[in-house]
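Participant: Sequence:
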Amino acid sequence: MAGDLSEAVSVFVELRPRLFGIAYRVLGSAVEAEDVVQEVWLRWQRTDRTLVISPVAFLSSTTTRLAINVAQSARVRRETYIGPWLPEPVDTSNDPEVGAERAEALELALLLVLQRLSPTERAAYVLREAFDYAYPDIARILGLSPVNVRKIVSRARKHLTEDQRDSVDAAEHRTLLQTFVAAARQGDVAGLEALLTPNAVSLSDGNGIRGAARVPVLGRARVANLSTAHPRFWPTVEAEPVEANGRGGILIHRDGRPATFMTVAATSRGIHQVMWVFNPAKIAAFLQSRTRHRSVAALCV
1 MAGDLSEAVS VFVELRPRLF GIAYRVLGSA VEAEDVVQEV WLRWQRTDRT LVISPVAFLS
61 STTTRLAINV AQSARVRRET YIGPWLPEPV DTSNDPEVGA ERAEALELAL LLVLQRLSPT
121 ERAAYVLREA FDYAYPDIAR ILGLSPVNVR KIVSRARKHL TEDQRDSVDA AEHRTLLQTF
181 VAAARQGDVA GLEALLTPNA VSLSDGNGIR GAARVPVLGR ARVANLSTAH PRFWPTVEAE
241 PVEANGRGGI LIHRDGRPAT FMTVAATSRG IHQVMWVFNP AKIAAFLQSR TRHRSVAALC
301 V
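Numbering (this note's numbering), first residue to last: 1 to 301.
Because the hints were derived from the structure by calculation, they are not lab data. Just so you know, these numbers come straight off a predicted model, no measurement behind them. Misleading hints may appear alongside valid ones.
[Stated by the list, open to error] The calculated EDC-like cross-link candidates involving lysine to aspartate or glutamate, where the alpha carbons are at most 20 Å apart (straight line), are:
no., residue 1, residue 2
1, Lys151, Asp137
2, Lys151, Asp169
3, Lys158, Glu240
4, Lys151, Glu129
5, Lys151, Glu193
6, Lys158, Glu129
7, Lys158, Asp132
8, Lys158, Glu121
9, Lys151, Glu97
My request is simple: use the sequences and hints to build the entire structure.
Facilitator: Put into structure tokens, the structure is as follows:
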């Protein structure tokens with residue numbers, strides 16, 4: 001029994017990054033994804049593993065189905081969210097693709113677009129595009145026909161706008177982000193406008209917290225002005241470069257404590273989306289994700 005449990009732990013630890021990656025992409029929440037992975041671990045412990053032909057298939061199926069269930073209930077909760085809702089950023093410095101074979105559906109802007117899809121559509125797209133599951137395998141996981149799965153994935157792809165399909169690479173993204181922050185610090189509105197596309201939008205996720213815009217700010221001029229609207233803001237904070245969701249981000253510290261996360265989405269035409277996360281719970285989730293790869297003990301709690 002001890003040897004069997006040891007093997008079960010070994011298998012689960014090896015697959016855990018993939019399981020978290022599936023759940024996180026479906027949910028857009030690191031906290032909810034961790035809860036799903038923890039529940040999968042408990043079920044894996046209770047399962048008669050001698051009957052499991054493929055641990056990968058069993059654990060992936062269980063994770064996907066649980067994530068879909070959580071996503072369906074999360075949609076109701078998010079209807080009462082105050083202001084724009086953004087996915088929780090996760091630290092990817094140790095695992096640039098968060099367990100996936102490809103990094104698809106990991107950037108915050110793309111995760112936000114995926115939230116417009118139904119949980120089942122989201123899961124089908126994620127399994128196919130990020131983890132390269134075969135259509136018959138996805139069909140078995142979702143309880144659908146391979147033909148229907150192909151149609152679902154095709155529809156999901158069509159929801160992606162040109163901006164999401166034409167993102168700059170990580171190096172160019174980091175350069176644009178650094179240039180944006182430097183211009184904002186200097187109050188250089190003209191410099192910011194030069195970086196932004198005409199239809200740029202700024203989204204502030206604060207769930208009602210003071211200082212966070214409760215509606216999207218639209219247009220190059222308004223976004224540029226918003227980014228420098230508080231002359232005393234930038235001089236009173238420290239900006240720490242971080243890696244989140246496979247891209248550069250900025251963790252803003254106030255009075256020595258992390259208070260805000262910000263990043264941008266950009267194409268060769270410029271920055272089209274500026275994202276600010278003020279919600280303390282999401283900042284805490286990001287900080288926790290930085291230690292996620294360092295602790296395996298939490299699996300068995």
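Participant: Compare the structure with the hints numbered earlier in the document and write down the numbers of the violated ones, lowest to highest.
Facilitator: 2, 3, 5 and 9
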